[in-house]
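With these hints in hand, go ahead and build the complete structure from the sequences.
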Amino acid sequence: MSRRVYTERDIHMALDGELPADELPGYEAWLDANPDMKARSVRFEADRARLRQTFADALTEPVPERLERLVIGEPVGSSAGGGTWRMAAAAVLLLSLGVSAGYLAGIAGRHGEPAEEVLAGEAIAAHTIFAAEKRHAVEVGGDDREHLLGWLSNRIGLTLVAPDLADDGFELVGGRLLPAGNNRAALLLYEDAEGNRISVFVMAEKAGTAKGTYKLASDGPSAIYWLDEGYACAIVGNLPQERLSKVAGSAYRQLLAGAGKV
Amino acid sequence: MEQRKAAILAELPRLRRYSRALLRDPDAADDLVQDCLERALRRLDNWQTDEKPRRWLFTIMHNLFIDQTRRTRRRAEVVTLTLDDSEAVSAPAEQHESIATREIMDALQEIRPDRRAAILLVGLEGFSYAEAATLLGVPAGTLMSRVSRGREELRGLLDDFSRRRVVKVVER
Chain A
1 MSRRVYTERD
11 IHMALDGELP
21 ADELPGYEAW
31 LDANPDMKAR
41 SVRFEADRAR
51 LRQTFADALT
61 EPVPERLERL
71 VIGEPVGSSA
81 GGGTWRMAAA
91 AVLLLSLGVS
101 AGYLAGIAGR
111 HGEPAEEVLA
121 GEAIAAHTIF
131 AAEKRHAVEV
141 GGDDREHLLG
151 WLSNRIGLTL
161 VAPDLADDGF
171 ELVGGRLLPA
181 GNNRAALLLY
191 EDAEGNRISV
201 FVMAEKAGTA
211 KGTYKLASDG
221 PSAIYWLDEG
231 YACAIVGNLP
241 QERLSKVAGS
251 AYRQLLAGAG
261 KV
Chain R
263 MEQRKAAILA
273 ELPRLRRYSR
283 ALLRDPDAAD
293 DLVQDCLERA
303 LRRLDNWQTD
313 EKPRRWLFTI
323 MHNLFIDQTR
333 RTRRRAEVVT
343 LTLDDSEAVS
353 APAEQHESIA
363 TREIMDALQE
373 IRPDRRAAIL
383 LVGLEGFSYA
393 EAATLLGVPA
403 GTLMSRVSRG
413 REELRGLLDD
423 FSRRRVVKVV
433 ER
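Residue numbers (the numbering used here), protein chains in the order written: chain A, 1 to 262; chain R, 263 to 434.
It should be emphasised that the hints constitute simulated quantities derived from the structure, not laboratory data.
Glycine included, every Cβ here is placed at the ideal spot set by N, Cα and C.
Pairwise CB distance ranges (calculated):
(1) A:A46 x R:S390: 21 to 27 Å
(2) R:D421 x A:D167: 45 to 51 Å
(3) A:D36 x R:R411: 15 to 21 Å
Quick look at the structure:
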C-alpha cells in the first residue's frame with residue numbers, strides 16, 4: 001500500500017472517483033485518523049447529493065419542442081429559414097442573453113458599444129422624453145392609424161404594424177419618427193387606463209442577433225429588446241417587470257408577423 | 263448526418279440541466295441551449311466522429327456561456343441590471359421551489375462562473391477531471407483547484423443561508 005501523504009484535495013478526488021484504487025485504503029485510514037477531514041468529506045458528498053437532487057427534474061421533464069425542432073427540422077447552416085423557432089423563442093425569452101452581436105450600423109462609432117445596448121439606450125431615451133409629453137407626445141395620432149403606419153413604414157424601411165395590446169390594457173396613442181444615429185426609428189406610444197405609457201421602438205438594423213432586458217437606472221424604465229434578421233425593436237416602460245415582459249412578448253410577436261418575418 | 267442529429271437530441275436533457283444550473287432562470291437556460299444547438303448545427307461538418315457528442319456539445323455551450331458572462335459583466339459596469347429584475351421574472355417558479363432547492367440555486371449564482379462550471383461539470387454532470395479540463399480548456403491542476411475552491415465556496419454560502427434562516431426564525 002502506498003505511504004503517501006493525503007490532503008484535502010484527495011477528498012475531492014475520492015468523491016469524484018479520481019483516486020486510484022490502490023490508494024483508497026490509505027485514504028480511508030487517513031480519514032479515520034482525521035475526524036475534521038472526515039466531516040468535510042461527508043459534507044461535500046451531501047452537498048453534491050443536494051445539487052443533483054435540485055436539478056434532477058431537468059433530466060426527466062419533456063424537452064421543449066422548439067429545441068427538438070431546431071435539431072430535426074431546420075436545414076443546416078440556414079439562417080433565413082429560422083423564423084418559426086425564433087417566433088417560439090420570442091414568446092418565452094425574458095432575460096439578457098445574446099449571441100455575440102455586431103455593432104449597430106445605423107448608430108455606429110459610438111464608443112464601440114454593442115448594438116443592443118445602443119438600441120436599448122436610444123429607446124429608453126426616446127421613451128423618457130416623449131412619454132412624458134402630455135400634449136405633444138406623438139406627431140400622428142392613433143386615430144389616423146393607416147396614415148401613421150404607412151408613413152413610418154416608408155421612413156424606416158420596414159413594414160410596421162401597430163400591435164394590438166388591448167388584452168394587456170394598452171391603447172395606441174400615436175407615433176413619431178426619430179433620428180437614430182445615421183438611421184431612422186419609429187416610436188409608437190401606448191397608454192393604459194391608469195395613464196401608464198409604454199413605447200414600441202422599431203428600426204432596421206443589420207448588426208447581429210441579441211435579446212434581453214436593459215435598464216439605465218434602478219428606478220427608471222426598462223427596455224426589452226430584440227435584434228434579429230435586420231429587425232431591431234425595443235419595448236420600453238416603467239412597469240413591473242412581469243407585466244412589461246408579457247406586453248413586450250405580445251408586441252414583438254405581432255411586429256414580426258406584420259413584418260413578414262415569421 | 264441523421265445519426266449525428268440523433269446523437270445531439272439524446273444530449274438535450276443533459277444540456278438543459280447543465281444550463282439551468284449555470285444560469286438559474288429556466289428560460290434563459292433554454293435560450294443558451296438553443297444558441298448552443300444553432301452553433302453545433304452550423305458546425306456539424308467540423309465534428310470529429312471520434313469525439314463524443316456530449317463533450318463536443320458541452321464545449322460549445324461552455325464557450326457561449328463564457329461569452330455571455332463577459333458581456334453581462336461589461337454591461338454591469340455601465341448599467342444597473344439589478345438582481346431584483348431576475349428575481350421578479352422568476353418569481354412564479356420560485357413559489358414551487360423548496361427552500362433547499364432555492365438555496366442551492368442562489369448559492370451557485372454567487373460562485374464565480376469558472377468555479378461554478380467546474381463543480382457542475384464534475385459534480386452534477388459526472389465528467390472526469392481530464393474530460394472537464396479539456397472541455398474548459400484548462401490544465402488539470404487548474405480544474406482541480408476550481409473544483410475544490412468552488413465546493414468550499416458552496417459550503418460556505420449554504421452555511422450562511424441556513425444561519426440567516428435561523429436568525430429569521432428567532433426574530434419572529
